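Colleague: Letter by letter, the chains look like this.
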Amino acid sequence: DAKTTQPNSMESNEEEPVHLPCNHSTISGTDYIHWYRQLPSQGPEYVIHGLTSNVNNRMASLAIAEDRKSSTLILHRATLRDAAVYYCILRHTLGGTSYGKLTFGQGTILTVHP
Amino acid sequence: DAGVTQSPTHLIKTRGQQVTLRCSPKSGHDTVSWYQQALGQGPQFIFQYYEEEERQRGNFPDRFSGHQFPNYSSELNVNALLLGDSALYLCASSSQGRNSYEQYFGPGTRLTVT
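The listed protein sequences derive, respectively, from chains D and V. 220 is the number that the numbering used here gives to position 83 of the first sequence; each next residue is one higher, with no gaps. 36 is the number that the numbering used here gives to position 31 of the second sequence; each next residue is one higher, with no gaps.
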């Protein structure tokens, strides 16, 4: 499995933007970039995913480098509820709409200060 | 919509015993994946079930086995428990159809082996 590298921890202030980086230099052409987050005492939850183009949804934005060897998850205005472990995951496509397993790394612990 | 549910919430077992954990997927989902999360680590993929068959398997010994029922619910069985099996066991459901990229996680079962 292609690996991802994330900082162990990051800090932010409430209502400020947060940029969470992820390096994935061995990414293959069939790998999608997924982001999940895990709030304290909960299971992980899906945040966003993309292949080549930048993506936006109601939770966050995903900026993908042109060579796809890195990406950045952007939280536009951090809130206290965004404090969580954020995981950057490369996920194979198995053909059609079928996706392979999620391979989690250590993730980035995001602390949000009031 | 109840989302993914898991039972029991917590469980304490003795080394050498066997344990069965249960998962009900989100309504409309037909695929169930199981993950093991040790304290301070990211979740590790155990296996995935679809159409009552194991479709993918992670690097876990044969002591870990599973089953999927016709109603899509699933069980994870672990035999000959070891102290190292103490972890949070997460169930995730998804659909092989549209929007299959997202996995929905349950709150997990905390297993303690003494």
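Fair warning: there could be bad hints in the mix.
What the hints assert, rightly or not - Covered by chain V, per the in silico footprint, the following chain D stretches (three or more residues, Cβ under 8 Å):
| id | stretch |
| --- | --- |
| 1 | 185–192 |
| 2 | 241–247 |
What the hints assert, rightly or not - Here are the in silico distance ranges between beta carbons for each label pair:
| id | chain 1 | residue 1 | chain 2 | residue 2 | range |
| --- | --- | --- | --- | --- | --- |
| 3 | V | Ala-85 | D | Pro-144 | 16 to 24 Å |
| 4 | V | Asn-76 | D | Asn-145 | 37 to 45 Å |
| 5 | D | Ser-165 | V | Arg-62 | 15 to 23 Å |
| 6 | V | Pro-112 | D | Arg-195 | 42 to 50 Å |
| 7 | V | Arg-62 | D | Gly-166 | 22 to 30 Å |
Unchecked claim - Take a look, some chain D residues computed to stay more than 12 Å from chain V by CB distance:
| id | residue |
| --- | --- |
| 8 | Glu-148 |
| 9 | Asn-150 |
| 10 | Pro-154 |
| 11 | Ile-164 |
| 12 | Ser-165 |
| 13 | Gly-166 |
| 14 | His-171 |
| 15 | Glu-203 |
| 16 | Lys-206 |
| 17 | Ile-211 |
| 18 | Arg-214 |
| 19 | Arg-218 |
| 20 | Arg-228 |
| 21 | Gly-237 |
| 22 | Pro-251 |
Treat the hints as calculated values from the structure; they're not laboratory data. Keep in mind it's a predicted model, so treat the numbers as computed, not measured. Cβ coordinates follow ideal geometry from the N, Cα and C atoms, glycine included.
Colleague: Would you assess whether D:Gly-237, listed as outside the interface, keeps its beta-carbon beyond 12 Å of every beta-carbon in chain V?
Modeller: violated, 7 Å
Colleague: Just checking, D:Pro-154 versus chain V, shortest CB gap more than 12 Å?
Modeller: holds, 24 Å
Colleague: Does the stretch 185–192 of chain D contain three or more residues whose Cβ lies closer than 8 Å to a Cβ of chain V?
Modeller: violated (count 1)
Colleague: Is it the case that D:Arg-218 keeps its Cβ farther than 12 Å from each residue Cβ in chain V?
Modeller: D:Arg-218 is indeed farther than 12 Å from all Cβ atoms of chain V, at 17 Å.
Colleague: Measuring Cβ to Cβ, find out whether D:Glu-203 lies farther than 12 Å from everything in chain V.
Modeller: holds, 22 Å
Colleague: Do V:Pro-112 and D:Arg-195 keep their Cβ atoms within the hinted range of 42 to 50 Å?
Modeller: Since the Cβ atoms of V:Pro-112 and D:Arg-195 sit about 23 Å apart, the hinted range of 42 to 50 Å is violated.
Colleague: Measuring Cβ to Cβ, find out whether D:Pro-251 lies farther than 12 Å from everything in chain V.
Modeller: D:Pro-251 is indeed farther than 12 Å from all Cβ atoms of chain V, at 25 Å.
Colleague: Does the Cβ distance between D:Ser-165 and V:Arg-62 fall inside 15 to 23 Å?
Modeller: Given about 21 Å between the Cβ atoms, the range holds.
Colleague: Beyond 12 Å from every chain V Cβ: check whether that's true for D:Asn-150.
Modeller: holds, 26 Å
Colleague: Okay, V:Ala-85 versus D:Pro-144 on CB: inside 16 to 24 Å?
Modeller: violated, 39 Å
Colleague: Between V:Arg-62 and D:Gly-166, is the Cβ distance one that fits in 22 to 30 Å?
Modeller: holds, 25 Å
Colleague: Three residues or more, CB to CB closer than 8 Å: is that satisfied between the stretch 241–247 of chain D and chain V?
Modeller: holds (count 4)
Checked against the numbered hints given earlier, the structure breaks hints 1, 3, 6, 14, 20 and 21 and satisfies all the rest.
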